[in-house]
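Colleague: Chain residues, written in single-letter form:
Number of protein chains: 4
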Amino acid sequence: MRVKTGVLGSTGYTGAELLRLIVNHGNVDLKWITSEKFAGKNISSVFPNLRGFIDLECSTVKDLDKLEGVDIVFSCLPHTTSMHFAKKFLDIGKRIIDLSADFRFNNINTYKDIYRIKHRYPELCEVSVYGLPELFRKQISKAQLVANPGCFATSALLGILPLLNREIISETVCVDSKAGISGGGRAPSLNSHFSEANEAISLNSITGHPQKYEVQEKVFEKFSRRIKIIFSAFNINASRGILTTIKSRLKHKTSKTDMLNAYNNFYQGEPFVRIYDDEKYISTKNVRYSNYCDIGINIQDDHIICVTALDNLGKGASAQAVQNMNIMFGLDEKTCLMNMSIYP
Amino acid sequence: MRVKTGVLGSTGYTGAELLRLIVNHGNVDLKWITSEKFAGKNISSVFPNLRGFIDLECSTVKDLDKLEGVDIVFSCLPHTTSMHFAKKFLDIGKRIIDLSADFRFNNINTYKDIYRIKHRYPELCEVSVYGLPELFRKQISKAQLVANPGCFATSALLGILPLLNREIISETVCVDSKAGISGGGRAPSLNSHFSEANEAISLNSITGHPQKYEVQEKVFEKFSRRIKIIFSAFNINASRGILTTIKSRLKHKTSKTDMLNAYNNFYQGEPFVRIYDDEKYISTKNVRYSNYCDIGINIQDDHIICVTALDNLGKGASAQAVQNMNIMFGLDEKTCLMNMSIYP
Amino acid sequence: MRVKTGVLGSTGYTGAELLRLIVNHGNVDLKWITSEKFAGKNISSVFPNLRGFIDLECSTVKDLDKLEGVDIVFSCLPHTTSMHFAKKFLDIGKRIIDLSADFRFNNINTYKDIYRIKHRYPELCEVSVYGLPELFRKQISKAQLVANPGCFATSALLGILPLLNREIISETVCVDSKAGISGGGRAPSLNSHFSEANEAISLNSITGHPQKYEVQEKVFEKFSRRIKIIFSAFNINASRGILTTIKSRLKHKTSKTDMLNAYNNFYQGEPFVRIYDDEKYISTKNVRYSNYCDIGINIQDDHIICVTALDNLGKGASAQAVQNMNIMFGLDEKTCLMNMSIYP
Amino acid sequence: MRVKTGVLGSTGYTGAELLRLIVNHGNVDLKWITSEKFAGKNISSVFPNLRGFIDLECSTVKDLDKLEGVDIVFSCLPHTTSMHFAKKFLDIGKRIIDLSADFRFNNINTYKDIYRIKHRYPELCEVSVYGLPELFRKQISKAQLVANPGCFATSALLGILPLLNREIISETVCVDSKAGISGGGRAPSLNSHFSEANEAISLNSITGHPQKYEVQEKVFEKFSRRIKIIFSAFNINASRGILTTIKSRLKHKTSKTDMLNAYNNFYQGEPFVRIYDDEKYISTKNVRYSNYCDIGINIQDDHIICVTALDNLGKGASAQAVQNMNIMFGLDEKTCLMNMSIYP
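Here the protein sequences come in this chain order: S, D, E and W. Using the working numbering, the first residue of the first sequence is number 1, and each one after it goes up by one. Using the working numbering, the first residue of the second sequence is number 345, and each one after it goes up by one. Using the working numbering, the first residue of the third sequence is number 689, and each one after it goes up by one. Using the working numbering, the first residue of the fourth sequence is number 1033, and each one after it goes up by one.
So that you can see chain S by itself, here it is in the shape it has in the complex:
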């Protein structure tokens, strides 16, 4: 089977990773890519690692009318912009995987509170499917519009979900995420300047990152349970990776073994979630460049502590987007995603 695809906004970091994966995907034909900044340039001059692998010129969204002949479009455009192009492609019957935040919230009031802009397509928010296969695989398979989850949200949700099945934890969950610099995007800024970011752990947000609400909404949607995420996010001087700590009070005394069982059961059969008996292996080093989310846990006093590690551009963005595409088109879900992390 061949899937014909196009990528909107291909020259940021999620685009770079997406193209890298698509190159090796035996079932995908990449028809076009767009970039406003590098319009007219060959993608291999933008990302030299693609030289010899992809030979395509960047189109611009102004040429949208010519951008046809695809089965699915990945949008790596920024939020508030992405929604308009998603709309256009949906209107002509294409399927969309949107890597921005534009369709992650079914509740458009939450969206408005966060992004200070009224959502233009509330009807699409209602039908969009949240692209976390571990939670919504069946819905994804039939979706026209998949909202690819945020990297922080993915790292938090995959750690929290097994705890929500039963009444294991209290409603307050402390989440602390540390993320590599690529999470801030490719546009140059003082924060991403090497000499500023290097040798530094710095504050991203402690007042309530947008993805806090993403987690809370999806938990409620799936488990009808309102949890309160106390979310803090930090930047660390690595190119890639998110490591997230999740802490919550256990309602009943329980053992590490019990909890490991809960995690293993919850993720039974999942190809990209790895539960470790020994949490010492949890490191972003072991997941970078991959679609894996590694999880380790332990008990401390009356709290469970869960640590998840993933690649913010992998399971946290582009690799998960490819996983979603595989599901949507009935391909083997693992196609082109069985990459191990690379070491050292």
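In silico DSS-like cross-links for lysine-lysine, where the CA-CA straight-line distance does not exceed 27 angstroms: (1) E:K800 to W:K1288; (2) S:K280 to S:K256; (3) S:K112 to D:K600; (4) D:K597 to S:K112; (5) E:K916 to W:K1285; (6) W:K1098 to W:K1119.
To list a few chain S residues with every Cβ distance to chain E over 12 angstroms, as calculated: (7) T60; (8) P122; (9) R226; (10) H252; (11) K256; (12) L260; (13) D332.
Simulated from the structure, these hints should not be mistaken for lab results. Built from N, CA and C at the ideal position, the CB exists for glycine as well.
On the provided structure of chain S, position chains D, E and W as indicated by the hints.
Modeller: Just chains D, E and W now, with coordinates in the frame of chain S:
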């Protein structure tokens, strides 16, 4: 005034930082240094940055009988070893600042639980003073034996203390610390290998780091309050720095302004604790090489989130040790410590 | 076709990279691996990235008699040790790719001068083939024993070779190499300690690195020309990568275009050498994790300056070893090696 | 003695380093600073490490008429801009240290060739003094206008100078410099983006960096000797530091000891040039944050190889500027510059 000093175990990272500071301390005469590994070698061949600044050969602790003529000894020896040498120098009337964990616990049962070894000198544990000037300045000034706090404990305590004065927070405090690699010491190991540690955030401990108990004991000692620290610690690929997140449920609704006031009041007049109105400035970059602890806070839902940043070898170890020495000898507490962080 | 293989000394960095590549090699069956340090342990506990990909216990060379059933053995053992095991496997008719320096020199006097040890198997040095496919492809295809080139030597040779065909350059060639830390191996040492290596460019050797002689010998072997390499090597704080500058006086005035033609002609059809018209793209970032060697050139005054970039564990070691294996067994030379570098 | 000073263009990296040094200079009163980008903002909001040390608002060059009351002005403005402001301050009798390239060339044709712009003040180029104290100390002491040397040029010149006294080397000198990212300035760009620059050694220039001509002119000016620098420059992923390799053919057989003597003699009494008997200590790690230039040498075949290390913002820019100021005002040349590098 002149303070004659010696340094035990001078060739690790806390030793390196201590020597760097002492070089520029106008009132200190460095009489001797020891190193078992580099005995007989000039310290400037061990730490090339000291070339031209210190011209001393490393003695060994075997020469202890000759190591006299000092007013105070800094011990940078590892815990369980350090206690014996502290004892010897105390017995001949010298003052000691011990940078190991050996005298941080007044409760020797806690020490035994953590280090799986019975403390040999319980009587010294009783008289030792915990060298956090912001908490025990008066006692430090008269102490014979000062137990220099751990770097994690310092970063947690300085964030928690202002919350304990009144009944502001609940008894559970979630603490998440991210620390640079130098915290693991200078002895080569696989964990500290550049190619292993680089581009990685990895797990240090989620089951209860020793310094969790240090924090709990000191809080109880000072405030007669038993708090429960849920402590997680991670390694990140920076040479220096600890950034610690502290979260606790507020018992009553309160504002950021109120909380800032509480912090500013608590640390009024403290030369090395800086409270930031805008927490976005909190970064290990702004404190490295210095004795500062930077603190930012905000409120999220019903929780206070406090973020502290310090240099694990600065306020977290050697600079704080010098601060303690200054206090012990009636010197201006800031002598040789008014170093700003260096940027970029 | 299936190639059954074993790996000696699999738990260093060249071993890690070799295993990663072999996992994805459709024609290779990995029968056994050895490690003296991790004997009896599962390789996935040594290299967590292999979890789920290779499930093998490390044997030891003491079990050598049982280590049969293979067509080819890769030796990642250290030089002076490796030769003995190569001998043993050759004696029972196995083919060997030796990643150590033990069989790189046909001239055993050079070997002795460098390693201060008399080579025990001069007869093998005579028949060993130097595993640089761009130079000795035909010989490699029939070789029993392939000496895999050094990473510095590969980076220098690939830059110099096109200049030797004709009388383009003078006999003196200044070579300056900067290499990532993984080149120093996985054994922990002070030099490879993160806090020592980080934020540092430091001297490796300016007196004549062993691989200087490797380059000189191979140039003479192939072109009957004695060139004089003035070789300097430095360590930089990256996990991987070698970037090498090559400078030599041009005997006749020539243009960049002429020289680009010379390089393009020399490497015509070579799958893993990429010549760039615009040298600004040369960066270790564009070759890491790959088997590519990127080359850019320009003219400055009367000198040619050539810059080569490769991954010291890729084209500089393990990927090149796999390339050699592919050639030896008549497989498509590119099998499992068409990996692009990963970015960011 | 008090020196009243102002800093033009204070919010780049040379400005940051200059301010850091001035803070600790007992004889300098900082009267004003300018920044077009951060005009009106307090400098401590631009460089958080200055909080508590400097409390000044950034003026703009539009306020130039009010920027009086100083004895000397440091200009950290970019080249082609800086010259105009230097002119203005010189016209009202102020002394200037210009950290840009605008007055480094006495030969305005060279300037024009490099910067593609005709110099507006050739008469100033004639009287400006090149601020390398090891070469022009006497002239600096009386200069009105000092052109602070480039960081690459400083690292090359300090290595080459001792070889020019006598007829030691041939006229061709191969120079290879590797520099940290801060050398590219603080303005955000794709090249300085953390995720682009990290884990990379990349090409800066192999066609003739402007500072190549700076070196050649100064050598000619001092030694009446035309040497040919074959210059290559690379970026490496460190915040600070330049390490430069210098190679030249020795005209006569000579020993390392002889050459060490030549270097030691040449730099006798120089406070900031350190010659090492053992070149293995040469590392940017040992000079960062300092005004030192460390030099190691050895002989390989018929070539001398000299390696120099300095901090591009220290001896390569701002610290050297302060050294020049000390000389100009008859202060102890070492004032506020006796900082060792910081380690780890």
